[in-house]
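Protein chains: 2
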Amino acid sequence: MAAISHKVHVALGERAYDILIGPDLLDHAGAILAERFPGRRFGVVTDIEVEKAQLPRLRRSFEKAGLGFSVITVPSGESTKSWQHLQTVVEGLLAAKLERNDLVIALGGGVIGDIAGFAASITRRGMDFVQMPTTLLAQVDSSVGGKTGINSPHGKNLVGAFHQPKLVLADLSTLDTLSQRQFAAGYAEVVKYGLIDSPDFFEWLEAHQAEIFSGGPARGEAIARCCAHKARVVIEDEKETGVRALLNLGHTFGHALEKDTGYSDRLLHGEGVSIGMVLAHTFSARQGFAPGQDAGRIAAHLHKSGLPTTLADIPGTLGSTDTLMHAIAQDKKVSRGALTFILTRGIGKAFIEKNVDPDAVRTFIEDMRP
Amino acid sequence: MAAISHKVHVALGERAYDILIGPDLLDHAGAILAERFPGRRFGVVTDIEVEKAQLPRLRRSFEKAGLGFSVITVPSGESTKSWQHLQTVVEGLLAAKLERNDLVIALGGGVIGDIAGFAASITRRGMDFVQMPTTLLAQVDSSVGGKTGINSPHGKNLVGAFHQPKLVLADLSTLDTLSQRQFAAGYAEVVKYGLIDSPDFFEWLEAHQAEIFSGGPARGEAIARCCAHKARVVIEDEKETGVRALLNLGHTFGHALEKDTGYSDRLLHGEGVSIGMVLAHTFSARQGFAPGQDAGRIAAHLHKSGLPTTLADIPGTLGSTDTLMHAIAQDKKVSRGALTFILTRGIGKAFIEKNVDPDAVRTFIEDMRP
Ligand SMILES: NC(=O)c1ccc[n+]([C@@H]2O[C@H](COP(=O)([O-])OP(=O)(O)OC[C@H]3O[C@@H](n4cnc5c(N)ncnc54)[C@H](O)[C@@H]3O)[C@@H](O)[C@H]2O)c1
Ligand SMILES: NC(=O)c1ccc[n+]([C@@H]2O[C@H](COP(=O)([O-])OP(=O)(O)OC[C@H]3O[C@@H](n4cnc5c(N)ncnc54)[C@H](O)[C@@H]3O)[C@@H](O)[C@H]2O)c1
Ligand SMILES: [Zn+2]
Ligand SMILES: [Zn+2]
Chain A
1 MAAISHKVHV ALGERAYDIL IGPDLLDHAG AILAERFPGR RFGVVTDIEV
51 EKAQLPRLRR SFEKAGLGFS VITVPSGEST KSWQHLQTVV EGLLAAKLER
101 NDLVIALGGG VIGDIAGFAA SITRRGMDFV QMPTTLLAQV DSSVGGKTGI
151 NSPHGKNLVG AFHQPKLVLA DLSTLDTLSQ RQFAAGYAEV VKYGLIDSPD
201 FFEWLEAHQA EIFSGGPARG EAIARCCAHK ARVVIEDEKE TGVRALLNLG
251 HTFGHALEKD TGYSDRLLHG EGVSIGMVLA HTFSARQGFA PGQDAGRIAA
301 HLHKSGLPTT LADIPGTLGS TDTLMHAIAQ DKKVSRGALT FILTRGIGKA
351 FIEKNVDPDA VRTFIEDMRP
Chain B
1 MAAISHKVHV ALGERAYDIL IGPDLLDHAG AILAERFPGR RFGVVTDIEV
51 EKAQLPRLRR SFEKAGLGFS VITVPSGEST KSWQHLQTVV EGLLAAKLER
101 NDLVIALGGG VIGDIAGFAA SITRRGMDFV QMPTTLLAQV DSSVGGKTGI
151 NSPHGKNLVG AFHQPKLVLA DLSTLDTLSQ RQFAAGYAEV VKYGLIDSPD
201 FFEWLEAHQA EIFSGGPARG EAIARCCAHK ARVVIEDEKE TGVRALLNLG
251 HTFGHALEKD TGYSDRLLHG EGVSIGMVLA HTFSARQGFA PGQDAGRIAA
301 HLHKSGLPTT LADIPGTLGS TDTLMHAIAQ DKKVSRGALT FILTRGIGKA
351 FIEKNVDPDA VRTFIEDMRP
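As they're listed, the protein sequences go chains A and B. Counting in full-length UniProt numbering, the first sequence runs from 1 upward without gaps. Counting in full-length UniProt numbering, the second sequence runs from 1 upward without gaps.
Quick caveat, the hints were computed from the structure, so don't treat them as lab data. Heads up, some of the hints might be wrong.
You can't tell identical chains apart in this list, so a pair holds if it fits in one copy or across any two.
EDC-like mimics (lysine to aspartate or glutamate), calculated; alpha carbons at most 20 Å apart, straight line [what the hints assert, rightly or not]:
no.: 1; residue 1: K156; residue 2: E91
no.: 2; residue 1: K239; residue 2: E99
no.: 3; residue 1: K239; residue 2: E14
no.: 4; residue 1: K239; residue 2: D128
no.: 5; residue 1: K354; residue 2: E99
no.: 6; residue 1: K156; residue 2: E99
Because the structure is a prediction, the values reported are computed rather than measured.
Using the sequences and the hints, build the whole thing.
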């Protein structure tokens, strides 16, 4: 029936679930859900762009399977992860008269996954939900692992819940309507998995990059390998008290740059991560942890993928080094003056370093400025 | 040190916690928390009335123990359980720079316990919290069991989380500043525990009612017995998929009446429950489940406690029977036309009946109208 090309199981005990990956899963989603969740109704949460590009397919497959469903649409973009839109989604689910054992569907990128998953976790004190990620970033990262939430004026993702989905359906063909720039941004997170602890995977990416970008079979394989990697980490450390922090490689620098550019079109999240990963490797080399040549090899691969790799690649004027340092200190809890960073001993050898000297970071940023 | 007169343990595995009951626990709260949660900071959530009546004591004991804390105050009353005030509390906790392993304190009645507990569960994806209930209702009911939440325009408590506290401190002397009317309303829930499955407790209440109301030693004992009862039910059915529903004895009728009177001063929650319990017993007798005399005995006890027991006791004009039936159908999910009610075979013999005929309820309400 449905063409499922890859399947990853997230073995979290009573919160276990499957990630199904395939070329046209949305067209079969109705049948899959009817079989896995008989007799339940569905509240589909999506954003206006995904509604245009992908909802018609889901709608048809739901209708074919005879499923009862309602659709709640919110605007596209990071600013949707707000109190206001959270309230819209939750009240929308209640207005649709969904019961506690009905399901919420998140159809979209990481923004929709985060807000719809969080809304599910607090509506009627907890409804089940299904992730249908439609961006590369969401397929390889945000749809797996159960972190959900919205942003606060005090910072990103500060309000939310750990709430695992009951199922993830990653339809590869949804990526065909995604912009090249968004695809590349998601690819930065793909590369990240190689850099953390899988040098073989990084090499494989170097060899298959063109095929992944053009949509050949390597695309599905890359996504499946990322999901398996993330699943492994999440099983080991569901609530991020330890090793899950490695997934933040490149993110401390990246978040500071995102903040500095106002979470705007100037720099997408994955673009910030791309620059951040290069900076983390360069900084690690300077600190004597890593060989010097890795940063260059990584930068070359990311650059070839259409991603920015240096501070000079960010359009517009960057804030002062003080401003960036302030953002870095906020992102990573400062304990007695020292900073926590994900550093590395080379490709595939990332580690958590809790004792980074802020002055060394400051000098480093000064040197890296264009 | 602290005068702890009773201790109840809620054995919920890794979510287990203690309920400590005593005459002056607020004065010792600082020392108790400093010992149980060393090195943590505290965000105290309270309402304006409790701030005036009880916060000064807590503040002194925190200062004596050298604890770091911030206070967030919201208005008093049911309308505080809203999106707007939830946002105020969560953003207040973030503005106070509380970290994920700091603690939220709910100092107040059920309204504060519900909103502060919910805020704790979603701030930084989950902070620990401590209940310091200051109403009789909160001490015997809402502070135990981990149900937290706010109201939606679609209905009461429709948005929330299951989030168990780490500790409950019930200070008996806080009840001295509570109005007689609020105390009596909470007492309806005390009586409820006897009616569900503890006829001995109901008899004991009949014998000790005056002492409970005047603040003698029976007050602490009654509260401890209620907490132990609720703890037992919660351990058996944490997420209310079965037997926990018995705690709703009197609540289906009660909620319909509360709704009809606009959740206003005309009828407090416990007052609605008082009338509801008498109605549930009278209806059960009519249906042939229970002996006729129990309803009268219960009504006499509640009436002596200063509580309303009949529809005629509600000030103002009641809505039509249709309106009440509509509220009843909304409160309890209607499955294929039948209603679910907590009925009874007599004092201490409540049971869940899923097959109640709506027409019988309608006729019954008609008969009961003044
Ligand atoms: N929960 C987690 O573990 C986790 C992990 C990483 C990132 N995130 C979050 O994910 C968010 C970023 O996710 P994102 O990059 O997917 O952003 P996004 O959800 O904003 O999607 C990017 C843009 O692409 C559009 N779009 C999505 N799918 C499309 C499709 N198939 N065709 C055409 N357009 C499409 C969207 O409307 C949006 O404009 C951030 O808020 C981040 O905090 C969460
Ligand atoms: N979570 C649960 O399991 C659960 C169970 C039952 C009820 N509830 C909820 O509890 C709420 C009702 O709780 P409540 O009856 O405690 O109401 P409440 O919190 O509104 O308190 C009643 C009034 O008494 C005041 N007050 C509280 N303590 C005082 C004190 N010591 N001295 C002087 N004034 C004081 C308050 O400011 C308020 O005006 C409802 O919202 C209900 O839904 C929750
Ligand atoms: Zn990321
Ligand atoms: Zn009640």
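Structure-based check of each hint:
no.	hint	in the structure
1	K156 to E91	between (23 Å within a copy, 13 Å between copies)
2	K239 to E99	between (28 Å within a copy, 15 Å between copies)
3	K239 to E14	both (15 Å within a copy, 15 Å between copies)
4	K239 to D128	both (19 Å within a copy, 14 Å between copies)
5	K354 to E99	between (45 Å within a copy, 17 Å between copies)
6	K156 to E99	between (30 Å within a copy, 14 Å between copies)
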